[in-house]
Amino acid sequence: MAEKARIRLPKDAKRGEVIQIKTLVAHLMESGQRRDKDGKLIPRMIINKFTCTFNGKPVFSCGLESAIAANPYLQFSAKVEESGTFKFNWIDDDGNTITAEETIAVA
Amino acid sequence: MRSLTRREALALGAMSVAAAPAGVHGSVQAAPADAAAEIAKFIGGKTPETGRVTIELPEIAENGNAVPLSIVVDSPMTPDNHVTDILVVAEGNPSPGVAAFTLTPMSGHSEIATRIRLAGSQNVVVVARTSTGGLLTAQRQVKVTIGGCGG
Chain A
2 MAEKARIRLP
12 KDAKRGEVIQ
22 IKTLVAHLME
32 SGQRRDKDGK
42 LIPRMIINKF
52 TCTFNGKPVF
62 SCGLESAIAA
72 NPYLQFSAKV
82 EESGTFKFNW
92 IDDDGNTITA
102 EETIAVA
Chain B
227 MRSLTRREAL
237 ALGAMSVAAA
247 PAGVHGSVQA
257 APADAAAEIA
267 KFIGGKTPET
277 GRVTIELPEI
287 AENGNAVPLS
297 IVVDSPMTPD
307 NHVTDILVVA
317 EGNPSPGVAA
327 FTLTPMSGHS
337 EIATRIRLAG
347 SQNVVVVART
357 STGGLLTAQR
367 QVKVTIGGCG
377 G
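Going down the list, the sequences are from chains A and B.
Just so we're aligned: the first sequence equals residues 2 to 108 in our numbering.
Just so we're aligned: the second sequence equals residues 227 to 377 in our numbering.
Here chain A stands alone, though its shape is the one from the complex (with noise of 0.2 Å):
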């Protein structure tokens, strides 16, 4: 599985700025709606859950159900007053797990 997560948000901000963070992870999210050739179901396979942290604290988490569609792509946003890292988690059904990591310098 491809396993290669993109994400968007800016280098340095203001301290108590507010900023954008785009994030995008390939991933197939088999919905378990689908039957393959021989009409059999295809067994359910998403990301299901997605967490993103900074310095430690949390800053934004999802559960996910096979209505969201696939190579998930989420945006939100978070108020930054330190320098400091996101660290992001994407969880697959499988319990695999995808993660990554920005800092941000805030002036």
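Note that these hints are calculated values from the structure, not bench results.
Don't take every hint at face value.
Unchecked claim - To be clear about the criterion: a stretch of chain B counts as covered by chain A if any three or more of its residues have a C-beta under 8 Å from a C-beta of chain A, and this derived list gives those stretches:
(1) 273 to 279
(2) 314 to 320
(3) 323 to 329
Stated by the list, open to error - With a straight-line cut-off of 30 Å between C-alpha atoms, the simulated DSBU-like cross-links for lysine-lysine are:
(4) A/Lys50 <-> B/Lys267
(5) A/Lys5 <-> A/Lys58
(6) A/Lys80 <-> A/Lys12
(7) A/Lys23 <-> B/Lys369
(8) A/Lys38 <-> B/Lys272
(9) A/Lys80 <-> A/Lys15
(10) B/Lys272 <-> A/Lys50
(11) A/Lys41 <-> A/Lys23
(12) A/Lys88 <-> A/Lys58
(13) A/Lys38 <-> A/Lys80
(14) B/Lys369 <-> B/Lys267
(15) A/Lys58 <-> A/Lys80
(16) B/Lys267 <-> A/Lys58
(17) A/Lys58 <-> A/Lys15
(18) A/Lys38 <-> A/Lys88
(19) B/Lys369 <-> A/Lys38
(20) A/Lys23 <-> A/Lys12
(21) A/Lys41 <-> A/Lys88
Every residue gets a Cβ at the ideal spot worked out from N, C-alpha and C, and that includes glycine.
Starting from the known structure of chain A, arrange chain B on it as the hints suggest.
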């Protein structure tokens, strides 16, 4: 003659699909009851107020496999008063749950965007819970040309 028979067969097939209980929301597998149950669990018997949640969805989605959805909840997002949870439900999907977002004061703004699958034309319902115990809701009708489930 043979091609005519085939055409008839196709016509019959199309008719049986059309005759399936499509209903107002246009989805064969629509389960509004499940959707209602999911929302009821989230709101816990209270009545959410409308007006502070904005849902952006295309009026007509050509491809139900990836419909852009964005949600904005009017909230100061301070430690004392912020949105804590946002539930998204697609009433006409075979499995109505879409996503449950958890926000914190560190989220800064209560604005989220993603891309969702819609099985057919239907209502998308958003309910937000705030740290002060408030419940806010909104819904949008979307027409879907090609459904995004199964296939």
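Evaluated hints:
Here the region 273 to 279 of chain B counts 0 residues with a CB under 8 Å from a CB of chain A, which misses the bar of 3, and the coverage is violated. Note: the region 314 to 320 of chain B has 3 residues with beta-carbon separation from chain A under 8 Å; the three-residue rule is met and the coverage holds. For the region 323 to 329 of chain B, the stated coverage by chain A holds: 7 residues have a C-beta nearer than 8 Å to a C-beta of that chain, and at least 3 were required. For the hint linking A/Lys50 to B/Lys267, the alpha-carbon distance of about 20 Å falls within 30 Å, and the restraint holds.
Only pairs whose Cα atoms come within 30 Å are accepted, and A/Lys5 paired with A/Lys58 is accepted, the gap being roughly 24 Å. Our distance criterion of 30 Å between C-alpha atoms is met by A/Lys80 and A/Lys12, whose separation comes to about 14 Å. Proposed proximity of A/Lys23 and B/Lys369 is supported: the alpha carbons are some 27 Å apart, at most 30 Å. A hinted pair counts as satisfied when its Cα atoms are at most 30 Å apart, and A/Lys38 with B/Lys272 does not qualify at roughly 46 Å.
Under the criterion of a C-alpha separation no larger than 30 Å, the hint pairing A/Lys80 with A/Lys15 is consistent with the structure, at around 10 Å. Distance hint between B/Lys272 and A/Lys50 is fulfilled; the C-alpha atoms sit about 27 Å from each other, no more than 30 Å. With a C-alpha separation of about 36 Å, the suggested pair A/Lys41 and A/Lys23 falls outside the 30 Å cut-off, and the hint is violated. At roughly 10 Å between alpha-carbon atoms, A/Lys88 and A/Lys58 fall within 30 Å of each other, so this suggested pair holds.
Between A/Lys38 and A/Lys80, the direct Cα distance comes to roughly 48 Å. Violation of the 30 Å bound is thereby established for this hinted pair. Only pairs whose Cα atoms come within 30 Å are accepted, and B/Lys369 paired with B/Lys267 is accepted, the gap being roughly 27 Å. This hinted pair checks out: A/Lys58 and A/Lys80 have alpha carbons roughly 12 Å apart, not beyond 30 Å. Simply put, B/Lys267 and A/Lys58 have alpha-carbon atoms about 28 Å apart, close enough for the 30 Å limit, and the pair holds.
Between A/Lys58 and A/Lys15 the CA atoms are separated by roughly 19 Å; this keeps the pair inside 30 Å, and the hint holds. For the suggested pair A/Lys38 and A/Lys88, the alpha carbons sit about 40 Å apart, so the restraint of at most 30 Å is broken. Between B/Lys369 and A/Lys38 the alpha-carbon distance is near 29 Å, which keeps this suggested pair within the 30 Å criterion. In summary, the hint linking A/Lys23 to A/Lys12 is supported, as the alpha carbons are separated by about 13 Å, within the 30 Å threshold.
For the given pair, A/Lys41 sits about 38 Å from A/Lys88 by alpha-carbon distance, which is inconsistent with the 30 Å threshold.
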